[in-house]
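Taken in sequence, the protein lines are chains X and W.
Just so you know, the first sequence maps onto residues 38 to 377 in our numbering.
Just so you know, the second sequence maps onto residues 2 to 347 in our numbering.
Hint data in this document are derived by calculation from the structure and do not stem from the laboratory.
Do not take every clue at face value.
Claimed, not checked - Below, computed lysine-lysine pairings styled on DSS-like, alpha-carbon distance capped at 30 Å: (1) Lys286/X - Lys322/W; (2) Lys341/W - Lys322/W; (3) Lys315/X - Lys341/W; (4) Lys281/W - Lys306/X.
What the hints assert, rightly or not - Ranges between beta-carbon positions, derived for each pair: (5) Pro98/X - Arg165/W: 41 to 51 Å; (6) Ser132/X - Glu132/W: 23 to 33 Å; (7) Glu317/W - Val152/X: 41 to 51 Å.
Beta carbons: idealized from backbone N, C-alpha and C, even for Gly.
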Amino acid sequence: MSTNKILSVNNLSTHFALPDGTLKAVDGVSFDVNERQTVGIIGESGCGKSVTAQSIMRIVPKPGQISSGSIEFTKSGQNPTDLVGLEKDGKTIRSIRGGEISMIFQEPLTSLSPVHTVGDQITEMLLLHSTNDQAEAKDIAIDMLDRVGISNPQLRFDELPHQLSGGMRQRAMIAMALSCKPSILIADEPTTALDVTVQAQIIELLQNLQDELGMAIMYITHDLGVICEIADIVHVMYLGKIVESASTKEIFHNPLHPYTRRLLASIPKLGTSGRGTKLDAIRGNVPVPLNLPAQCGFQSRCNEIIDGVCNLKVPSLVDMGNEHYVRCFLHSEEEEKTYA
Amino acid sequence: MPEDNTNHNKDALLEVIHLTKYFPIEEGFLRKEIGAVKAVDDVSFYINEGETFGLVGESGCGKTTLGRCIVRAIESTSGSVYLKLDTGETLDLSRMNNQELREVRKHFHMIFQDPYGSLDPRMTILDIVAEPIRNNKLATGAEVTEMVKSLLNDVGLEIKHLNRYPHAFSGGQRQRIGIARSLAPRPSLIVCDEPVSALDVSIQAQILNLLESLQEQYNLTYLFIAHDLAVVEHVADRIGVMYVGKLVEMASTSDLYSQPLHPYTEALLSAVPSTNPDIKMDRIILPGEIADPSSPPSGCYFHPRCPYAQELCSEETPQWKEVSPEHYVACHYAEDLELKGVTLQY
Numbered sequence: 038m039s040t041n042k043i044l045s046v047n048n049l050s051t052h053f054a055l056p057d058g059t060l061k062a063v064d065g066v067s068f069d070v071n072e073r074q075t076v077g078i079i080g081e082s083g084c085g086k087s088v089t090a091q092s093i094m095r096i097v098p099k100p101g102q103i104s105s106g107s108i109e110f111t112k113s114g115q116n117p118t119d120l121v122g123l124e125k126d127g128k129t130i131r132s133i134r135g136g137e138i139s140m141i142f143q144e145p146l147t148s149l150s151p152v153h154t155v156g157d158q159i160t161e162m163l164l165l166h167s168t169n170d171q172a173e174a175k176d177i178a179i180d181m182l183d184r185v186g187i188s189n190p191q192l193r194f195d196e197l198p199h200q201l202s203g204g205m206r207q208r209a210m211i212a213m214a215l216s217c218k219p220s221i222l223i224a225d226e227p228t229t230a231l232d233v234t235v236q237a238q239i240i241e242l243l244q245n246l247q248d249e250l251g252m253a254i255m256y257i258t259h260d261l262g263v264i265c266e267i268a269d270i271v272h273v274m275y276l277g278k279i280v281e282s283a284s285t286k287e288i289f290h291n292p293l294h295p296y297t298r299r300l301l302a303s304i305p306k307l308g309t310s311g312r313g314t315k316l317d318a319i320r321g322n323v324p325v326p327l328n329l330p331a332q333c334g335f336q337s338r339c340n341e342i343i344d345g346v347c348n349l350k351v352p353s354l355v356d357m358g359n360e361h362y363v364r365c366f367l368h369s370e371e372e373e374k375t376y377a
Numbered sequence: 002m003p004e005d006n007t008n009h010n011k012d013a014l015l016e017v018i019h020l021t022k023y024f025p026i027e028e029g030f031l032r033k034e035i036g037a038v039k040a041v042d043d044v045s046f047y048i049n050e051g052e053t054f055g056l057v058g059e060s061g062c063g064k065t066t067l068g069r070c071i072v073r074a075i076e077s078t079s080g081s082v083y084l085k086l087d088t089g090e091t092l093d094l095s096r097m098n099n100q101e102l103r104e105v106r107k108h109f110h111m112i113f114q115d116p117y118g119s120l121d122p123r124m125t126i127l128d129i130v131a132e133p134i135r136n137n138k139l140a141t142g143a144e145v146t147e148m149v150k151s152l153l154n155d156v157g158l159e160i161k162h163l164n165r166y167p168h169a170f171s172g173g174q175r176q177r178i179g180i181a182r183s184l185a186p187r188p189s190l191i192v193c194d195e196p197v198s199a200l201d202v203s204i205q206a207q208i209l210n211l212l213e214s215l216q217e218q219y220n221l222t223y224l225f226i227a228h229d230l231a232v233v234e235h236v237a238d239r240i241g242v243m244y245v246g247k248l249v250e251m252a253s254t255s256d257l258y259s260q261p262l263h264p265y266t267e268a269l270l271s272a273v274p275s276t277n278p279d280i281k282m283d284r285i286i287l288p289g290e291i292a293d294p295s296s297p298p299s300g301c302y303f304h305p306r307c308p309y310a311q312e313l314c315s316e317e318t319p320q321w322k323e324v325s326p327e328h329y330v331a332c333h334y335a336e337d338l339e340l341k342g343v344t345l346q347y
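Chain W with its partners taken away, still in its complex shape:
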């Protein structure tokens, strides 16, 4: 672990420090760089072993890019991603070359929103789930089929489907296949990118329950990226809220929902439609849309939409500070505002 790390945590399975991803904007024949889209802008957080960390924010806030940088699906611009192995060894994923990565890829995996796009249509379910087992030389011959059968059983699919192709399955079943495939090499970290948002309401609950029981069974740590705040509340121990590439608030789920400290978090919570017809929520309707990350506003990025914005907000970038234990926020007036959260009934 690095020495300059301020929230150093011994139990952390994953620690992300000052992670940044800039996409260059190029122009002309010589592809001169004229600017950058700051998709992920100096993000730091950690996830403890066996924990689920939720990452929420509107589309375009950089949450998916952050997840992809962590699993090295794309290269980060700067910063570090430390992953602790069960041997006690800690790896910096961001500094590894491709060959080193190939050795350690089995320890982490990503599952995607679109269960249709993430499976090869020309491979049978057996081959799809067996591929990571064979690639990592975890088993040979008949053992592979046995492992696949046991994985399919664990994710709630029938063994008789082994030789079918992805098109023969429904969205929920395909998501189960994707999960079985990601579990095959026994990873410790799974990055779930909107795993239920493309599914029907009645199927969402099935997959959420499955992810939870697998977490116990396989001792998994999840980074759970989603935009649905009710879903994230259900699965996450701690949550980070992203806005235009930056984390604006981070706390335990109950703290964040009951006492939000950032006006953006408050607005997000108030925008969730309630299923109780007697409750008419005092909705905060944010004007406009999420800022363009290639030319973000001055000062606090949220100030043009913030109902509490003062002069200072457009001039100075707020510091990332710990207001109460383990409750971090980047807002000039976090201590002065009395924001409204959700009444928790658990």
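Chain X with its partners taken away, still in its complex shape:
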């Protein structure tokens, strides 16, 4: 496996200016995506995982704005481009979005138009990014539909999205996202709305296509089981910050941050938590990241809080060795400088 870095997110902050204050949806996030790698981003609703993806695609909804940081995209053999510096609807970002970096969503109907046939939508992408030949585009589209496991692709080509079942629509969206052979696929909870059996089909499909097309995947989800299955490296997000990063094996065998540990302890696992066992639930709710005081974001729900430290300072993301990073005062006294 080559380790060429194709995406490098540095100190990214995306803020929403609201009447009540600044909502720091993404607050100083840094991570890399290497070629052919699967990077998992895990977190609950409101942790900033989707806004991170939207920032990379430059589709952050108003009044959200990237307030600082850089997102460097490197096409093989070329110099890196900073996506943050590009004009939001300019020519360069439009050629990257959908062509080099594409995205799939939880609800396929958000990316498929209900009034155009599946085939037209895929060929439109191809004509925009890879070819000028209508007939060739159609051939590629049908081949793509076939590859994602849609039976009878010639027939499906002329169907509208509502004529397909949920799992088939998800496959059609994947076909569309992958038709231009992107180097990065951003998958935002693509299997959350699906049944376990169909989820298993889609995960297997994504893994096979990744091998075949050699792309990197950034997989965003709240499902620990899915992440464990698919990711090489995992970033755990909480309140707009990465609180822990490590290889998948490390995260699941040796979680360091109290949030990661408690999250793993709180979910029922097949075969281990039968009737009568109590789940170790995390108390309280995720706070809204509005006008946050300078403290550890998890301190209000943490059982291991150090009084006078966790509620007064912001911990820094520190390397504990073995490429295992954690943001917690239990493991390092280092403070985040921007807040000091």
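Given chain X's structure and the hints, the job is docking chain W onto it.
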């Protein structure tokens, strides 16, 4: 209790016998009936007092329709639903008229997946929880407020929130409000339809723990409908697996998970992603999707997706049979197949 009932059980609080719900498919100006969607197709099971019965299956298998037929949110086509009251009397809910139903509705309740849609946005929490108390004339005046306070306390909500509206609460808190409301008339049966699937991971555990402690405190019997097999394993004593409107397997949780007898159950179990990175499960990827209940396949409904299907499977509908004590299955080859379950560590 009926005489033709084969799994008659004295302890059963709820007994469902040959329950069927067909939705007619109509066509044209005269709305001529041209077929039927067999959403629930001859389902029988019982739930003992104080027990949790899990109902699992893919979306579209009819599990929610079954739950709604039981609480009479919709009318079943045929079959019976017997509920035993604490007086020892047994009622057939499916045969009651609306007036009779109003009298007995306090004995059972349903909670829903969507905590946002199930609460009236224009009512305060006090009014939402007090409504069933007032309707059933369980208390008057200041007593109502006292009862609401004690219920909110039991579900882990703060009393100071009494006069707030649902929008001011998070998903988990709204689910707690829904639970408090359903507990108000002291029901014996609660049908939980996917109560945690819309919640965040860290909140799911809170609600599951709450449901368990309330079960003890209020002596509740649960019908727990869910698609997440790990969640159902955690809460249920016994489980029924549904496929295209029919029960295909039913057993105690440990039997069903460790020794599944139906290939569909085996596939469902193998599809659950594991959180142990060292285990690479031999996943059975089922081809295709759940069959259309308006035109189900011939023979066994599962045969087009079944990795073990033989000729017989497409020709004959398998019988519902008890293979080992209290372990029921509808599969021609249940005794011959050696299916793989989950290794239980408890």
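Hints, verified against the model:
no., hint, result
1, Lys286/X - Lys322/W, "44 Å, violated"
2, Lys341/W - Lys322/W, "20 Å, holds"
3, Lys315/X - Lys341/W, "27 Å, holds"
4, Lys281/W - Lys306/X, "15 Å, holds"
5, Pro98/X - Arg165/W: 41 to 51 Å, "28 Å, violated"
6, Ser132/X - Glu132/W: 23 to 33 Å, "58 Å, violated"
7, Glu317/W - Val152/X: 41 to 51 Å, "45 Å, holds"
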